[in-house]
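Asker: The chain contents come next:
Number of protein chains: 2
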Amino acid sequence: MSAEETSLNKISYIKDSLSSGTYLQISRMLNSLNPADIAHFIESSPPKDREFVWQILNKEIEGEVLIHLSDTLQKQFLKEMDAAEVAEVTGSLATDELADIIQRMPEAVIEEVLSSMSIQNRIRIEEVLAYPEDSAGGLMNTDVIAVRKNHTLDVVMRYLRMQGSIPESTNKIFVVNRKNDYLGSLNLNKLLISDLSLHVGDIYEKNDKAIMVNMNDSEVARAFEQDDLISAPVVDDHRKLVGRITIDDVVDVIREDADETLRQLSGLEEDTFSKTTVAIKSRALWLGLNLITAFIAASFIDIFKETIAQVVTLAVLMPIVASMGGVAATQTLTIMVRGMALGQIGRTNIAWLIRRETLVGLSNGILWAIVVGFVASWWFQNTLIAQIIAFAMIFNLLVGVLSGVFIPLLLKAINLDPGVGGTVIVTTITDVTGFVSFLGLASIFLL
Amino acid sequence: MSAEETSLNKISYIKDSLSSGTYLQISRMLNSLNPADIAHFIESSPPKDREFVWQILNKEIEGEVLIHLSDTLQKQFLKEMDAAEVAEVTGSLATDELADIIQRMPEAVIEEVLSSMSIQNRIRIEEVLAYPEDSAGGLMNTDVIAVRKNHTLDVVMRYLRMQGSIPESTNKIFVVNRKNDYLGSLNLNKLLISDLSLHVGDIYEKNDKAIMVNMNDSEVARAFEQDDLISAPVVDDHRKLVGRITIDDVVDVIREDADETLRQLSGLEEDTFSKTTVAIKSRALWLGLNLITAFIAASFIDIFKETIAQVVTLAVLMPIVASMGGVAATQTLTIMVRGMALGQIGRTNIAWLIRRETLVGLSNGILWAIVVGFVASWWFQNTLIAQIIAFAMIFNLLVGVLSGVFIPLLLKAINLDPGVGGTVIVTTITDVTGFVSFLGLASIFLL
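Chains as they are written, first to last, in this note's numbering: chain A, 82 to 528; chain B, 82 to 528.
Derived from the structure by calculation, the hints contain no laboratory data.
Hints are not guaranteed to be accurate.
The list treats identical chains as one, so a pair stands whether inside a single copy or across any two.
[As the list claims (entries may be wrong)] Computed list of lysine-lysine pairs in BS3-like fashion (alpha-carbon distance at most 30 Å, straight line): (1) Lys290 - Lys271; (2) Lys140 - Lys290; (3) Lys140 - Lys271; (4) Lys129 - Lys321.
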């Protein structure tokens, strides 16, 4: 892609120039890139470069760049602008894009920005703002084109021409009755190749699936993926047409949802180039949580201090049991959290999953227990220790897979995200189980 | 969404019926669902139910269901069919969909399936098969509509009507010259509202970005995301138009790419409901790898057996140092692998990242070293041990973040996926560093 290549070359040039500092050239080059590339460049830059790039950006494209940035960066840049600036920068954006950005602003600024807009735009934005950000309503655009069944295609065509332009990502317009009840959709490609003397009622798609305005955005994304949609009508509880959702907004949801599982499991909430102070804080929480659980595990080891003092080999081998349980638990946890995010796990198949994971835990437990037993008995010439570590391993892998299944279900049951803290919780369980089962058996049989 | 709700109710009913077994009813209900829902249902079912559902499926929709299934399941079902069946089932699919499925079949069957197709379809498929599956060429569809600059819009319109229907997800057609050189695109919505006496040359978008046929599919996905594309032309090295890519195929790539980071880091290659035997094998590999590294870490503890025998408290505290280093390393690793997958990390910003991670490792190291030191000195009334664990903690967190940065860079440098095995490698490094630094310092200062 030559245009793509050119923009990559430019980005690379700008990156080099940022350090050498040929201001005017940087500015000219940067502003010749398309907004999405600029946004990607900003996200791939350390904090100081981000600020600099933002400052030399032309006001006219700032709005377009903003909508391509991540939530965190949108917030950061918006915080530094006053209402008038925000209104100026976002003037050229579509309703759904603007609504998306407005949700990142402080309450006080929102009111000011709204009041500086035309009545028509203001009403549109307020309609979208009335719905939660992560619902179909928060995702939708209200600039829908709607026609009636008894219109001829010729009338529709003339109406569209009068509009001057058709919104982007529009592959269909909607059919409603006098009361704005949603009836179906009219595919524009079908309109293009149909006899213009026909009526809308002759060629429209009756009951083309509509999205409920309060539907969760992840479900919306799934509907788009499953049915290969480009755009879809949004209706309220009374099946009145209230807006439309287009694929470009849904793609962002798909990307974010897929990333969400990873974020939950790793406990990371920061972007790649977040400031050092932000990164330190965000990681510290997770490390602190882990420290608490590490002390809990240590306190269980402490119970068996006497045993370890007599057979030091136990201290050498005990991390192996804990570590293997942790890996088995994390594997199952990842499968569960991913499956739950994809909407695959429910009442009807959970029993099968529990049975499979139990079998997986037992089989791998036995397999690696045998290996561990042989290595330990060869290494320390002690078959009793070998048997003890083997049994502890089987038990810990079983506990591991079961924690991996039940912890996310429990977290969901108390209305938390199934993956959040999951890794820390399951590894604490397997650490404690690993140490206690191994050292406990040793206390009983070795002393 | 009432249609959606109905299909969810049906799915739930089918799931219940599968156990009670009212065959005819299940069959009727299942076949009334849309193919994407059936595919989702199959993916959310244990292996035996999957087989049963596939058997009672109507032949006519099997092809559509196939394209919505994951690669693994496509392969599995295709393995059980002969060439004639495959040809029958896939008869109604679009070129790119068919090409996608054909790539999952055994070589011998491919030849048979191709020879049972019409010459025209065969040529189309072979064109797509000539390119790697994960390239723009493997993703594209060859049924493009191309027009010339000197055509009037009226001629274009009549040509489109003659075609009878316009392929799905088509928002633009392409403009070429006599030699099939790609010149630009004609937006169908623009065509819809333009004066038909104009020429293509008057309203087409010159040099609308084209995708190079050998571009990697992840880059294609990024181009679609950045520019909010619905479809894009594909050109070869000589800028000849060879096909087009549509957003519905790209959405799958986006989902798979986002999932890829999670898969690499967790080492899991299976689907949620994979067979027990498959699950056991796939997890065993990772557990075995972890066992080797656990033994390596244990062998380092073994060096300090004498020290532990004299001060058993060391055995109680040593897992804390190792565990904290492991968490810090995994955090950095996740940030790096995700950033590399998003194409954000390169020559110009890696130095900044290394500096930030070093600062993050040091700061969190010092913070938690102080906490650990105080707790340890209060718990065991031993300030020397407290100082030793504090220093070991700082050192291990520093080593952790640096492994997190450099291991993925190293893996990439030797042409491996940056995340594959990353978790196991970095935690081995932090386990060994944690045990050796803590027990080593203890041997020097405590004995």
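Asker: Compare the structure with each hint and give your call.
Answerer: A quick look at each hint next to the structure:
Taking CA atoms no more than 30 Å apart as the test, lysine 290 paired with lysine 271 passes in both settings, with 18 Å inside one copy and 26 Å between copies. With identical chains, the CA atoms of lysine 140 and lysine 290 are at most 30 Å apart between copies only, with a shortest distance of 25 Å across copies and 40 Å within one. For a Cα distance limit of 30 Å, the shortest separation of lysine 140 from lysine 271 across copies, 28 Å, qualifies, whereas the shortest one inside one copy, 40 Å, does not. For a Cα distance limit of 30 Å, the shortest separation of lysine 129 from lysine 321 qualifies neither inside one copy, at 48 Å, nor across copies, at 43 Å.
Going through the hint list in order, the structure does not satisfy hint 4, though it satisfies all others.
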